[in-house]
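Those protein sequence lines, which keep their order, are chains A and B.
For the first sequence, this note's numbering gives the first residue as 1, with consecutive numbering after it.
For the second sequence, this note's numbering gives the first residue as 198, with consecutive numbering after it.
By construction, these hints were calculated from the structure, which means they are not laboratory data.
For each residue, glycine too, the CB sits at the ideal point set by N, CA and C.
Be aware that a few hints might be false.
As the list claims (entries may be wrong) - Below, in silico cross-link-like pairs of lysine-lysine (PhoX-like), each with a Cα-Cα straight-line distance of 20 Å or less:
no.	chain 1	residue 1	chain 2	residue 2
1	B	Lys461	A	Lys189
2	A	Lys145	B	Lys711
3	A	Lys129	B	Lys588
4	A	Lys184	B	Lys588
5	B	Lys447	A	Lys188
6	A	Lys188	B	Lys366
What the hints assert, rightly or not - Simulated restraints on C-beta separations:
no.	chain 1	residue 1	chain 2	residue 2	range
7	B	Leu694	A	Asp187	30 to 40 Å
8	A	Met130	B	Lys626	28 to 38 Å
9	B	Lys465	A	Leu183	51 to 61 Å
Spelled out from the first residue to the last, the chains are:
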Amino acid sequence: MTAKQKQNKEIIITGFGGQGIIMAGRILGRSAALGDRKESVFTQSYGPESRGGACSAQVVISEEPILYPYVRHPDILICMSQAGYEKFIVQMTNETILLIDQDLVRPTLNKCDSFSIPATRMAEELGRKMMANIIMLGFCTAVTKVVSLNAALDSVASSVPRGTEETNIGAFKKGFDYGLAILKGRDKKAVGRTGAV
Amino acid sequence: MLCNWGPHTAFQILQDKGAEIPPEVKMIRIPCTGRISKSLLFKAFEMGADGVALVGCEPGACRYGSGTAAARENTQDMREILGLLGLGKERLRLATFLPDDSEPLLQFLKDFCSDIQSLGKSPLALGKATKPEAESRELLSDIISSHDVYACQDCGKCSSTCPLALSGKDFSPRALAGSIIAGDLDSSYVKEDIWACLTCGLCYDRCPSGINFPEFIRDARQFFKKAGVDGREAHGGFFQSLMRAMSSPKLKTERWTWLPDNIKLDHKSKVLFFGGCAPFFDIFFRHHLSVQTSNIIVDSLRLLNFFDIKPALLKDERCCGHDLLWSGDQENFLRLARFNVDLIHSLGIEEVVTSCPECYRTLKHDYINYGLELKFKVTHIYDLLEKEIDKGAVSFKKIDKRLTFQDPCRLSRLEQKADLPRMLIKRLKGDRFQEMQDSGAAAICCGNSAWTGCDSFSKALQVKRLRQAHATGSDLLITACPKCQIHLKCAMEDPFLGDELSMEMMDLTSLLAKTICWE
Numbered sequence: 001m002t003a004k005q006k007q008n009k010e011i012i013i014t015g016f017g018g019q020g021i022i023m024a025g026r027i028l029g030r031s032a033a034l035g036d037r038k039e040s041v042f043t044q045s046y047g048p049e050s051r052g053g054a055c056s057a058q059v060v061i062s063e064e065p066i067l068y069p070y071v072r073h074p075d076i077l078i079c080m081s082q083a084g085y086e087k088f089i090v091q092m093t094n095e096t097i098l099l100i101d102q103d104l105v106r107p108t109l110n111k112c113d114s115f116s117i118p119a120t121r122m123a124e125e126l127g128r129k130m131m132a133n134i135i136m137l138g139f140c141t142a143v144t145k146v147v148s149l150n151a152a153l154d155s156v157a158s159s160v161p162r163g164t165e166e167t168n169i170g171a172f173k174k175g176f177d178y179g180l181a182i183l184k185g186r187d188k189k190a191v192g193r194t195g196a197v
Numbered sequence: 198m199l200c201n202w203g204p205h206t207a208f209q210i211l212q213d214k215g216a217e218i219p220p221e222v223k224m225i226r227i228p229c230t231g232r233i234s235k236s237l238l239f240k241a242f243e244m245g246a247d248g249v250a251l252v253g254c255e256p257g258a259c260r261y262g263s264g265t266a267a268a269r270e271n272t273q274d275m276r277e278i279l280g281l282l283g284l285g286k287e288r289l290r291l292a293t294f295l296p297d298d299s300e301p302l303l304q305f306l307k308d309f310c311s312d313i314q315s316l317g318k319s320p321l322a323l324g325k326a327t328k329p330e331a332e333s334r335e336l337l338s339d340i341i342s343s344h345d346v347y348a349c350q351d352c353g354k355c356s357s358t359c360p361l362a363l364s365g366k367d368f369s370p371r372a373l374a375g376s377i378i379a380g381d382l383d384s385s386y387v388k389e390d391i392w393a394c395l396t397c398g399l400c401y402d403r404c405p406s407g408i409n410f411p412e413f414i415r416d417a418r419q420f421f422k423k424a425g426v427d428g429r430e431a432h433g434g435f436f437q438s439l440m441r442a443m444s445s446p447k448l449k450t451e452r453w454t455w456l457p458d459n460i461k462l463d464h465k466s467k468v469l470f471f472g473g474c475a476p477f478f479d480i481f482f483r484h485h486l487s488v489q490t491s492n493i494i495v496d497s498l499r500l501l502n503f504f505d506i507k508p509a510l511l512k513d514e515r516c517c518g519h520d521l522l523w524s525g526d527q528e529n530f531l532r533l534a535r536f537n538v539d540l541i542h543s544l545g546i547e548e549v550v551t552s553c554p555e556c557y558r559t560l561k562h563d564y565i566n567y568g569l570e571l572k573f574k575v576t577h578i579y580d581l582l583e584k585e586i587d588k589g590a591v592s593f594k595k596i597d598k599r600l601t602f603q604d605p606c607r608l609s610r611l612e613q614k615a616d617l618p619r620m621l622i623k624r625l626k627g628d629r630f631q632e633m634q635d636s637g638a639a640a641i642c643c644g645n646s647a648w649t650g651c652d653s654f655s656k657a658l659q660v661k662r663l664r665q666a667h668a669t670g671s672d673l674l675i676t677a678c679p680k681c682q683i684h685l686k687c688a689m690e691d692p693f694l695g696d697e698l699s700m701e702m703m704d705l706t707s708l709l710a711k712t713i714c715w716e
C-alpha cells in the first residue's frame, strides 16, 4: 500500500431507503471537511434501488485533494440491511472494517474484521427508530476513529432537524459509548480477563 | 476479668502472700469467662481500659463445661475486631490457670501490663456519656411539629400496614404518635414502643397525610435517649459501642488489611469507594451465622475494576453513623460524620460510590440534613453499574437458579429507588425472576434496623418474609444490604422450624460480579 492510499479513507454506508443512509453519509463527510479540516467527497447511489430497495452512500476522506470520487474497495463498510451487505460483499477486501446492525444483517462470510451493534433496537429503546443511523455513526466514530468526536458531534447537531439536536446527540453518544465498550471488551479478552472475578 | 473459680483462687494466694501485683491491674471477679460476651469485652475498652485480660480456668477445668471454649471464641473474634478497629489485637488476651498456678498468674499479669505499657494509652476517647437530662418537652414538641405529626388523621392505614402489628405485636404507629403528642411519655407502652419500630417506612408510604413516621421516630429517640430511656439495643449494644468507639479522634482504623491483592486501587483517584461496616459484622457473627457480607465490598470493587475504575479507599474509614443516628445518638453520629467528610474533602474526592444502602442514604441525605456541606456527589453502585452496563458490549453468564429479591428499606422505600436493583436483576440470566407477594416499595422489612428492638415479633415477621420467598418457588434470594443477609440468615436458623426456611442468599453485587463478562 502506498503512502497516498493510506491517507485515503473510503467508506460505504448501505441499507434500505428511509433508514437515513444518505443522511449518515452526509454527516460523516461534513464532519471530516468542516470539523477535521480534511478533504471529503460524498456521493449517493441513484440507481433504481434507491426507489425503495438497497441504497448506499459513499464517502471518501483524505488529507489531500480527492481526484476520484467513487469507492472501489471500502476501508469501512457500514451495512444496515442484508441486501446492502450482499451487494457490496464483492468489494470488501480483507482489510475492510465491517460494521453491521446485528439484528438486520447476518454476515455470510468471515473475510475481514467486523463489529456489530443492535443500532435499530437501541434506537427503538430511545423511542425513535429513525435515529438508528445516528447511533451507527457514533459507533463508527468510536470504533474506526475516521472522524474526531467533536467534529462528528458538531456535524450531527447542525444536520438534524431543528429541535431534535439533543435527542440525536444522545443517540450518537449511545452508539459511541457502545463502540468504546466493544473495544474495551476486545482488549480485555485479548489479555484473557473477560469476567470480574 | 477474673473467673471466680480457678484463677481467683490463684489470685487470692497472691494477695495472701502480699505479692506485687502490678497496681494498674483492676481485677473484676466474674462468674465464668464464657459469660463475658463480645459486647461486655468491648464495654471494658469503651469505659477506658487500655488492655483487657480475660482470665479463666484451663480447658477441662471449667466448672460449667463449655465456658473456656466460649471465651476462646469470643476473645478470638474480639481480637480481630480490635485489629480492624485499629486498637490492636494485643490489647485483649485470654489466659487460663489452675487454682495452684499463682506464680504463673503473677508472671502473666506482669508481662501483660508491660506489653500494654509499651503499646501506650488506648486511643479510644469517647464523647462524655450523655447524662440523663431533665426532659425538655419543648424539644419534643419541636420534633412533633417539624414532622407535622399533628396532621395525623387517625385513619389507621399505618397500623394496618405495619409489619410488626401484622405479626401480632401490640404496636400501632398512630397510637404511639398519639401518645407522644398527648405527652404520655412515662407510660411503659411509649418507652417500649419507641425502640420497637423498625423504621422501615411502610407506614410513611401509606400515610395519606405524608407524615414521615420513621424520621419522627428517629428524632424522638434522641429525646428519649437524652431523657435516660434506654434503647433496647440488640447484641448487648455491641454495635452501638463499636460505632461510638469509631468516633474517637485519635483512632486510626485498619479496616482494609484483609482485601485480596488483586483488587486494583488508585490512591490518587477522584472516585472513592466507601465500604461500610461489613467486615466487622462478619467477624462478630462468624460463629453464629457465618455470613460473609464482606464479599459485597470485594465484589463491588471487582465490578468497578471490571469497568476500569480504580477507586481510592479511605484508609481511616469510619462508620457512616447510620445506626447511631437511628438509635438516638445524634451527638456521636455528628462526630463520625465530620470525621468522614473532612477526610474525604482532604483527598479532593469528587464522587463517593457505595454499595451499602444505609451508607448511601446517610452520606447522601442525612449528612446534609444535619448541616454538613459536601463537596462531592454520592452514587449508589447500582446507578454506576446500570450506566456502565447500559453502554453495551457486556453480557451475563447463565445462572441455574430461580431468583427472587429482598428489597432494602433504605434504598427501595426511603430513597424510592426500587426500580434500580430490578433493572440490574433483569439483565441477569437466571432461570426466571419472581417477585415476592410484597415487593418494591411495599416490601416487608428484613426484621431489624439500627440494631434495636429485635424480639419475637420481629422474628415472626422474618419468618413470614422467608415464607413469601419460598412461595415464589425460587431457590436464590437476592439481597442488597448486608443487614438483610444477617437478619434473614438468623431467622433461617429458627430451631423450631428446622430447614423449612433455609434458602440460598446472595448479594446482588456478588451475583453481578460472578456472572458479568465482556461480549
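(request) Sort out which numbered hints this structure fails and list those numbers smallest first. (result) 2, 5, 6, 7 and 9
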